[in-house]
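Trainee: Sequence:
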Amino acid sequence: MSKKRMQYSTEFKAKIALAAIRGEETVPQLAARYHIHPTQINSWKRHLIKKASDLFGKNSDANNKNGHSADDLHRVIGQLTVERDFLARKLDH
Numbered sequence: 001m002s003k004k005r006m007q008y009s010t011e012f013k014a015k016i017a018l019a020a021i022r023g024e025e026t027v028p029q030l031a032a033r034y035h036i037h038p039t040q041i042n043s044w045k046r047h048l049i050k051k052a053s054d055l056f057g058k059n060s061d062a063n064n065k066n067g068h069s070a071d072d073l074h075r076v077i078g079q080l081t082v083e084r085d086f087l088a089r090k091l092d093h
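Counting in UniProt numbering, the sequence shown runs from 1 upward without gaps.
A few of these clues could be false.
[As the list claims (entries may be wrong)] Here are the computed lysine-lysine pairs in the DSS-like style, where the Cα-Cα straight-line distance is at most 30 Å:
id	residue 1	residue 2
1	K15	K3
2	K50	K13
3	K15	K4
[What the hints assert, rightly or not] Estimated spans, in silico, between C-beta atoms of each pair:
id	residue 1	residue 2	range
4	A32	F56	30 to 36 Å
5	A14	S69	21 to 27 Å
6	Y8	V76	16 to 22 Å
Honestly, the hints are just simulated from the structure, not real lab data.
Quick reminder that beta carbons are idealized off the backbone N, C-alpha and C, glycines included.
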C-alpha cells in the first residue's frame, strides 16, 4: 500500500525555508522537528533563495497585490469611465 504524498501550504514551506536560511537550527534538526525529509527542506531553501530577487522586481505580484498589471488596470479605468459617461447622459435626458 502506497503512502499518500503530503502537500504543504506555501506559508509552511516559506517558514521552514526561512528557518533553514537563518541557521538557528540545522536542516536535520528542522527535519526531525517537522517530520520532513532534509532533502525537501534544502529544496525549499534553494527555491526561496532563487526566487527572492523576484519579490523586489518592478512587475512582481507582491508589488501588485492582486496580480493585475498596469495595462489591465488602465483598461478597466477606461471602461468604467465610458460607462459612467453613458449613464450620466441617460440620466440627463
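Trainee: Each hint should be assessed against the structure and marked as holding or not.
Mentor: Hint check results:
| no. | hint | result |
| --- | --- | --- |
| 1 | K15 <-> K3 | holds, 25 Å |
| 2 | K50 <-> K13 | holds, 14 Å |
| 3 | K15 <-> K4 | holds, 23 Å |
| 4 | A32 <-> F56: 30 to 36 Å | holds, 33 Å |
| 5 | A14 <-> S69: 21 to 27 Å | holds, 24 Å |
| 6 | Y8 <-> V76: 16 to 22 Å | violated, 35 Å |
In terms of the numbered hints stated before, the structure departs from hint 6 and from no other.
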